[in-house]
Every structure is written in structure tokens, then in C-alpha cells.
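**Student:** What follows is the residue order along each chain.
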Amino acid sequence: MYEAIAFYLFSALTIGLFLITVMSKNVLYAMTSLAAGMVLISGFFFILGADFLGVVQLIVYVGAVMALYSFAMMFFDATRDIKEKNTPAALIFLLGGLSALVLVLIFAGPIHSDAIQALYPMHEGVGNAQDVGIVLFTKYLVPFEVAAVMLLVAMIAGIILAGKKMDQSLTKDTSVDDADEILKQKDAK
Amino acid sequence: MEVVSYRSVETFVQHIPEVTALGVWIKAIIILAVISAIAGFGTYVERKVLAFMQRRLGPMHVGPYGLLQIIADGIKLFTKEDIVPQNANKFIFMVAPVITAATAFIALAAVPVFPDFTIPEWIPVIGGTFVPSIAADLNIGILFVLGMMAAGLYGPLLAGMAQANKWGLIGAARTAVQFLSYEVVTGLSILAPIMIVGSLSFVDFNAAQAGGIANWLVWKQPVAFVLFLIAGFAETNRTPFDLLEHEAEVVSGYATEYSGMRWGMFFIGEYANMITISVIAAVVFLGGYSADGMGWLWIMLKIAFFFMLMLWVRAAWPHVRPDQLMWLCWKVLMPIAVINVVITGIVMMV
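Protein chains in written order, with this note's numbering: chain W, 1 to 189; chain P, 1 to 350.
These are computed hints drawn from the structure, not numbers from a lab. For every residue, glycine included, the Cβ atom is placed at its ideal position computed from N, Cα and C. Warning: the hint list may mix true and false statements.
To be verified - Covered stretches of chain W (chain P as the covering partner; in silico rule of three or more C-beta atoms under 8 Å from a C-beta of chain P):
#1 25 to 36
#2 45 to 58
#3 116 to 123
#4 126 to 137
All chains, please: the whole structure from these sequences, using the hints.
**Tutor:** As C-alpha cells, then:
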């Protein structure tokens, strides 16, 4: 009973919020609704009893990914609307049709739910985190390690990109040595 | 596949009284009411303690020893005009303080705040209801609380970005940098005790430290304890790390344009977060609560100690510079936390 109410409430809110994300011309609305939608998606995990994944959704998407988006948004004027470039109607028609088809297929999937079997079912009385951990470190060990290496590569690349001009000061003009020369340059101007 | 901890099952079986929906509702209302009141009372205690440490008297005029100052402040906050700046994004501006307060209280849902009790039978309607100590006893309580406090970042962030004010924007940028950085330290520092106990549930942490001061995790993990406290100060925006709204630099940071109860909600959220951090520190490191005898008093004293410590540090230390804050996080605390986790792992393996 509670689950059904929560599910339909969360569904309606998530769809509504993500619609705002797509439709809104205001960056701040788009970002806020995207973050709020992510929070509500973690609610679905909680309804399904996957507490651990729900919290991971919260920490990773809401706490980290969206926070980084919003950090990048500091460079925009968040209070103004954005002028959007209109794409050709034919392309929108094609892409929209394709997405609709994929969505119909996804939603039609549970009709054949009898044919679906859980390869790694949950153990009775064992916590979520333990179950996920066991599968992650046995069956999916190689993808897990590959993902770790990829993240390491991305981190090193990020450090190199950010560190290119680390030896130069941002506030001090290195071409001018002392205050006298600055004054001279000012006089020349 | 057999390497599995069944401890959470055992502790679950020990909960003899059944937790009903009504009990959880009552618990939620108690948390909301009491923590909001404590947040108000906390401002009074903070002013008094700071005053005594600086050889002043603090609030004295309203009521005996200034005790009614809380009520006066409350009336002032509720009756003040709710100003929304002209160029601000009005909806986001109005919603941001609610996010701060809401996430702070949602985090408290998974934390053991007060001991559990049964309401006496003679009370009509709700008599005989068992009120649990944790409103939502999740298996992954610690992660949930940390995740919810991470989501709390959006309050100051959106407030700063929506208010069309330079100080607000700088305050929001500082919020994002500080909270994101120190979440790493909080997570890593609490990972070592989690490895020792082998569970993410507060109930298991409590059970693992039962039986006297010698069993407290703080003796096994002193480094993690200190790291967690430092990161906790940063995440609750307390002095040495109160750069988000430091008056001398950014007026009031993300709260610059706020007035009345919307400003008050930021304040309540901040105090609720202080209590959450205190509870986590008390349960994870200082032995938590015991169900029998005076156990409820001890957990209260532990929480009060951490609250007091925050005020004490505020009176004793100046705040750091933003660059020092980042240096401390990434070059000192984070490496120490990682080394601590590695050493804990090695010790447990050997």
C-alpha cells in the first residue's frame, strides 16, 4: 500500500522534474530539478529494498556528479535565461521517434518477467552492501579493476591539464620585477 | 561466498517490541520538535559559553540570566519581513533554506537520537506504542547519514547562486569546494572503524563497543577519530572552518540576502547538523548508548560534550584562510586518512 503510493508519487515527480530539466531555459531551474530527480531515483532503490544502491545513488549522483555540474555553473549568470539554438525539425522527429520506440520496448519488458531470472539473488538476512561486495569482487572483479584504472588515468590527465602553468603566479605579473617598473609602465601609458 | 557477517541479523532479533508505523511517526515528530528546540536553545548556550570564555556575561536582559532571549529571538525571526531581492531567481531563493533544514532532519532519521521507550498504557489512542530509538533502522545507516549531509550541500549552493549577489556567489563557491573536499575526509576516516566492526549499521557499532570504556573504538582508531572531528567541523561550517559566511571577507556568504525565518532555517539546519555529527562521533567512537540503567544519560552527555567542544574551539581558535583550508584537506588530512585505512587493513589481515 505504502509502496504503491510512494512509487506513483516518486514516478510522477521524477518525470515532472526531468521534464523541467529538458524544457527549462533557466540553468538554475534545470540543475535544481536534475538534482532533485536524482534524489527521487534513490527513492526507487529504497522501495525495492536495495538500500545500499539507493545511498550510493545519493552520494555519487547527488553529492558528487551534480555538485560538480553546479560548480561549473558558477561561471554562468544563473539568474538569466539562455537563448537556445533551434535544431532542424526532421532531426528532432527522428531522434524523438527512436527514443519513444526504445522506451516502449523497455516498458514492455516486464510482460515477460517470468523469463527473467536473478543470476545472483540476494541472500536472506545478509546486508545489501555485503551482497553487492561479494558479486563485485568475484564475478565482476575484472570490470571493477578496469574502471579503477580508467579513473586513475582520468585523474592523472586532470592533474596534468590543471598543472600546466602551476609554476606561474596568477596574481603577480611575472614579466615585471619590482614596483618601480610597474610605475614606469603606468607613466608610459 | 561464505564470508558474510550475520551480526546484523542477531541484533535485529534482539529487538523484541514490534516497531509500528505509529511509533515511527511519533519518533519523527519527537525528533522534529526536540531538535528544533535544541537548535534554539543551542544559540543561547553558544552565546553564554562564548561570553564566559571571553569574560563577559552574554545575554542577561530578557528573563532570568537571559533565558527568555530564545523566545525573543524566535518572535523576531518569525515576524521579520521576508525579503526577496528583485533580481533573484525567486523560486530557488525561497526553496534553498528548506533544503538545508530538510536534509539535516532527514539525516537524523537514521541516527539513534534518544533511547527507545514505550508510551504508558493509560494515555488514550497512542498508549502502549513502542517508540524506537532510530526512526528508520537502516542496515547502512552511516552511509545514509553521510549521503544526506552531502545532499545538504545544495541548500547554501542554490541560495548563493539564486540571490544575484557577489558575496552570495563567492559563499556558494566556497560551500561547494569546502563540502566536497571534506566529504572525502569524513568518508575515508570513518572507513577504518567500519572495517573493524564490519557493518554500516549504528546498532552494530553500538553492540561492538558494549561493555565498558576499554571497548570504545576511539582507543583502536584515535587517528580516525581526530580526522572525523576535524572534517565534521568543516562540514558543519564551524569556526576554524567557517569560511562560507565569514563576515570579514564575504559579508555573510550564501546567507547575505536572507532575512527572517528563511535565514532561521539555515541556522536550524546548521545546528541539526552539529547534533548529527556529535551523535555519529559518540556512537561510532565513544561507545554509543546502552539500553539499561543510566545509558540514556551517558549518550546525552557524550553528545553534549561534542557540542561543547565545537563552542570551545570557536572561542579558542581563529579561522583559517581558504587556501589553508584546501591545503589541510588534500595535503594533510586525506593522505593521513588513506594511510590509516591501509594500516588498519594490514593489521586486520595479519
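**Student:** Taking each numbered hint in turn, which are not upheld by the structure, reported in ascending numerical order?
**Tutor:** The structure breaks only hint 3.
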